[in-house]
Amino acid sequence: MDKNFKRFILVFFLALGMTSLHTLYAQGGKTVTGTVTDPGGMPLPGVTVQEKGTTNGVATDFDGNFSIDVASNNAVLVFSYVGMTNVEQAVGSQNSFTITMESNEESLEEVVLIGYGSQERKAVSTAVTKVDTDDFNQGQVSSPVELIQGKVAGLQITRAGGNNPNGGTAIQLRGVTSITGSTSPLIVIDGIPGGNLDLLQQNDIESFDVLKDGAAAAIYGTRGTNGVILITTKKGKKGKSTFNYSSFVSRDYVNSKPDFLSADQFRAAIADGIISANNDLGASTDIFEELVNRSNLTQYHNFVASGGNENGNYRASLYYKDSEGIALENGREEFGVRASFNQKGLDDKLTFASSVVVNVNDANLLGGNQFGIVTDWNPTAPIYAPFNTSEEGVLFNQGRYGFYQPENGYNPFSEYANRFNQRKQITFSGDVKLGYEIIPGLVASVFGSYQRNSWNDRFYRSTQDYQQYNTGSPYFGTGYAYKGNHIDYTQTVEPTINFTKDFGDHGFELLGGYSYQYSTTEEYSMDNSGFTTDGFEDWNFGAGNAITDTDLPRPNLSSFKEDNTLIAYFSRLSYNYLDRYFLQASVRHEGSSRFGANNKWASFPAISGGWLISDENFMEGAAWVNNLKLRAGYGITGNQGIPNYQSIVTLGTGGKYPVFLDGADGATYYQTYGPVKNPNPDLKWETKKEFNIGVDFGFWFNKLSGSIDYYTRRTEDLLLSYDVPQPPFVQGSIYTNVGNITNNGLELALSYRVFEEGDFKWNVDFVGSYQNNELTTLSNQIFSVSELYGGNIGNPGNLGDAIRNTEGGPIGNFYGKRFAGFTVDGKWLFHKADGTIGRASDMTEEDKAIIGNGLPKYYASLTNTFRYKNFDLTILLRGKFKYDILNTVDLFYGNPSLLPGNVLTSALGQYNNITEAPQYSDYYLENGDFVKLDNLTLGYNFNLGENSPFSALRLFGSARNLATFTGYTGRDPEVQDTGLYPGIDDRNFYPRTVTVTAGVNVNF
Amino acid sequence: MGVLLTIGCTDLEETTYSELSESNFYKTELELVQANLRPFTHMQAWLAWSGQNGYYYHNELSADQTAWPQKGRHGYDNADHIRQHYHTWTDQEGRLNNAWRLMWTGLGFVNTAIESIEAVDAASIGVTPERLASIVAEAKVLRAYHYMKIMDMWGNVPIVTTVGEPNNPPTASREEVFAFIEQELLDNVEKLQPLSPQLIGRMSKAVGYSILSELYLNAEVWSGTPRWEESITYADKVINGEGGSLTGNIALDQDPLGPFNNTNEDSPENIFQFPFSRQNDFGYSWASFYMGFSNMTAALDVNYSGNNAFVVIPTAFNAYQENDIRKQEWFLFGPQYKFGTEEPILGSEEYNGEPFIYVNNIRRNTEGQTGEGSMTDGEENSGARFHKYRSGRQEDPNYLEGDYVVYRLTELYFNKAEALMRLNNGNATQEAVDLINASKVRYFTSDDWADEAYTTTSLTMSELLIERGREFIFEGKRRTDLIRFGEFTTGSWWDHEPSGDLNLTIYPIPYRQLQANPNLVQNPGY
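Sequence lines, in order, name chains A and B. All residue numbers for the first sequence refer to the numbering used here, where the first residue is 1 and numbers rise by one. All residue numbers for the second sequence refer to the numbering used here, where the first residue is 1 and numbers rise by one.
By construction, these hints were calculated from the structure, which means they are not laboratory data. From a predicted model like this one, the values you see are computed outputs, not experimental measurements. Where hints are given, some of them may not hold.
Restraint-style ranges between C-beta atoms, simulated for each label pair [stated by the list, open to error]: (1) F822/A / E452/B: 48 to 58 Å; (2) V824/A / V521/B: 16 to 26 Å; (3) T161/B / V432/A: 38 to 48 Å; (4) N408/A / S499/B: 50 to 60 Å; (5) E13/B / V432/A: 22 to 32 Å; (6) N408/A / S288/B: 55 to 65 Å; (7) G477/A / V521/B: 32 to 42 Å.
Where is the CB? At the ideal position from N, CA and C, for every residue including glycine.
Make a model of the complete structure from these sequences and hints.
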């Protein structure tokens, strides 16, 4: 879509929003009096009595009496009190009222999803956290899971790459559970296991239910180990049909940039003789600033039509979003529709639910990855320069088409001008669920879904691209084109049967089901070069001369397919006695094609129980305890998140070799074939066993509520490639089940209604977690590995891996040399194992030691919600504590030996004594603790009179990543903290940003 | 519902699409050959300068001719190359473990091919039993060659001829491994075809004889018993043309670049080479070990660049006299220019923007350092560089069509001369002198030659080692030669000082391999 059309859309919808900014009030009135009591007849002082839709309000006195002037007989009074359910009373002709308020047990009545079913909150005996729309983070999010960042204890959501619209979000629950398998929770969207997050846009989500412990997740068997996130989308509601329009615009602002030498500072270094004079190329360019898209603007529009009656409901949601990153050529434009339809029939016995979802997006992948050029770019180099390769007085430039081309590195603007890199993606899902109540309480259902994801990639480098025409280019100045297509789809069929029956004080619910899921991926791609014209781009592959011209690189063709099948039988029994004692047991028997012939199938049982202590007679004296529940559960889950075909021997190609066939004059180069892996018919799932004990509580009319959970989990039979004796095996390793990881931790969620009187309300929500983990074993009698290295620091100098995870140790230990100072002439000195001190060339493996740990031990977030009259203000603070960060930017670029490449200003200041190439040691480890002002949202809900065409109108402004409080000297202490190699601030220079959003939400 | 549960699909067999399963292969003669050639394409990874850490890396960097010094911010690489140069390696070396895995994977490919081919019923796929037997004989000679190189690295290793069995094979002594190799060669070499253009890159009779000559030349080190006569016997078979040749008449190539240029498949002296062909999609370059950074691309007018890794040790470069054509042709040295011009190549690190000049020292000249320098004191232009093999310019029709040579006739001349001298108490015979002079005369003008020709007096054992070094520099053979001459642990070169520790003549079994196979025995001294 072109820019003008985008602007038109923006203006049109903003104008639409503006028309709703008028409010209307009714006229005329009388005085109403009365008394408010609790269910026992005791008067309630301090109850807020408010005329609905106005700011007119009073409070009851010490005896529970009130007196209020209302506008007319049409007025409605709203009675509200902490811990009590609001009461609405129409005034009518009456002048006096006695109001009885009931205790608010909202949190107990909440319905929680548990996978293939739901439960009332009070019956839940496992660790499940629910987050509803009201509690979502507001403002622009790149991935829907960011809506609940900082809202669920133990759930880590990290965007280590900054706010890149085409970047990824890492999700991890309760720590690392696997070394080579999946560590991300299973996503289930409206019952589709393995749901694709691309199919969700933020306004369509009703709630997240996070199944945290093993007992909760075991119903998902071989995919339950990393927890399960059940996402429910919004549905139509019974009643008047409504429209909703919501929209926002947002912009990213750079909040920190790496402090590299400016042109002036670079010239000063030349003047000081630190850099030779021929490095002054005459211009002044701040390449970082040049690469920033200051005018970036993201816009979002969502239009929803919904409604329903007694027998059915519908909802259709259309959206458009155009995201621009902080980088040039770094955007994503998408639109889509989600339509859902539900209907009942045959005396309400037959239910039908279906939804169809489509997301279409175009991503511009060309930009966003060029910020690393700040390290290579000479700040005195121009971006544009005439072609000149003689050195007489004018700038030496090999770039023929107006762009300066540096000897080392590249010119990103030349790439922007002469390349494209696009992905066009379509994601689709359709699902249907048909249920029939055979006899009361017995419901048979069948659920089917089809999810398909496809994309076309296009890449082109024109004849004017430096890589195509430079003197060493194998393309001899011709164009290069690539195309790749990808399709994957998943078919799921899940028939279930559910029976609910109460026998006196005993309640039962029994579930049985079968699940079949088939997934496949198909890809092909091709490339070609030798395009003498740019007129075709990638649309006429046959025109590329490399097909026949053997002086050009050979064109590549590739295609690929894989598939896998997952089959399961599952059952669950839920039982309660007196609605006070709860017991739940489930089992899933599941098989996966990915496992070895001897181990295709496994069973995953779980059991849990809950005791609603606050319902006991002996608690009657403690009226301040509104809710107290003890629950405990144990469950076994699996992990089948590994590549396909790992258990069988396959033959792969090994390069071509000449063969003279009988009678042939010349050789033909044929592919050669050999085994690519060692077989493992015993390959099986990783098993996680988890025990969880928790307490849910609500005190003082639920003014303070929350939950505490303690868990201990052990993942066994970890999959890893192990060295096998070679000989006799062909390949050096086998993929097999050996090690164990244990995690344990404590999670706390607290909600405190600090103040809730009159026009002012203040809620505080806290979630925090502590986590401890250990790589218990990596070895057994046959296979052994004592450590896992990772977190490669990279070049120059090939500094190797930063992190070593050892058997028996925690995850994320930095392992390296111990800094001991510098020699007088600025060479590195390190401690040796024998207590002496030596230079870098004296160091051996034995001299390295554990020098830090990159995994945060504590996570905490604090949400403050303030409401005053029609205003609401949300402040989210989020932090991570007790971990180290390896500052690789300082390590490499705070070192003068990297001159005349560009370096940090500190290389000529604080670090100017260093005369030797960068070395990895604890010198560059820093404490990573931080607290972020992560989200600040201010909203206003307009009072709308009856004559208003709108039934609700809200405006809001929001800022994300507004401030960071930390001692860390690098750019952003929020670095990758999931997986086995956390805590490395890598040299991804994608800018960290503050995102500012303004939005409107209107119902009519 | 119940019906669904019982008839529900429970088939979980995996179907492959983009890889082959074994049951679909070994069905035609061509497929047998394709399986048999897999170890050949793999072998270049460890035997040649592929950039992988295999036999070549260790045999060069631990010896006296090449080194991979740290050059400013580049090349520290965990001090791996530094330890190779100073002989301070341990059993924890990652690159040594890579070499082990690479070489034994190659051996696994051979064993897979032999097992699979021997299991084939010749008649059912229309191949004669004789043809099948010759395919197996070729594989067995190749296996013996693998074992010879594995033994050269680690000495005492298991002998295994089947895939997957036994699970933890025990270490055999170097003498036992030697005996196994010898027997396999004697049983199979005569079944091979003579070398011809059709057998380029394959195990031919000439290759088999060359392997035997090398095996016997090193027999004293490897088995404890000298076998000089047999080394001569097999060298003679190659020299006499009994093993065949590429050109119909095996002879020394009089062109100093003939065996190494991009048409070296027709060099009269080449015996065994990896055929590479960019046009046939098996292109190959030495860039990653020997080529400079991208600034050097224009000097050679090519389209590749490398890691600026290996350099020539100053003392090795000094071993050549100025009038030696090899010094002029086989090295890049001094100021570098864009191909065919006077336009200087510019440096990109210490000499950024300044003319780029290779110097014969490894030290921080930009910082005024003097003396011999060290492995951590390199700069981007330290040391003379490799130029022995030539890819040709981009516009050359044979650009990157050159082959990597493993055996060439000159080596058999040297083998025979050395064996003759050893049988003569280390003194040259006239026959030995004639053999070495036949090689050396190619590199001097006729005016110079009178002063340069060896005599029975001037060709001492130490001179033979030096000349062997000059001739085979960059060919991945130097460590073996130094060990055979007793110099590996007693010699000094550049800043390398002798360890005096004979245990260093075989590498330690990598620590990770000892963990994986408890029946492996660590070599003495580690």
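Hint check results:
no.: 1; hint: F822/A / E452/B: 48 to 58 Å; result: holds (51 Å)
no.: 2; hint: V824/A / V521/B: 16 to 26 Å; result: violated (48 Å)
no.: 3; hint: T161/B / V432/A: 38 to 48 Å; result: violated (60 Å)
no.: 4; hint: N408/A / S499/B: 50 to 60 Å; result: violated (40 Å)
no.: 5; hint: E13/B / V432/A: 22 to 32 Å; result: holds (29 Å)
no.: 6; hint: N408/A / S288/B: 55 to 65 Å; result: violated (18 Å)
no.: 7; hint: G477/A / V521/B: 32 to 42 Å; result: violated (60 Å)
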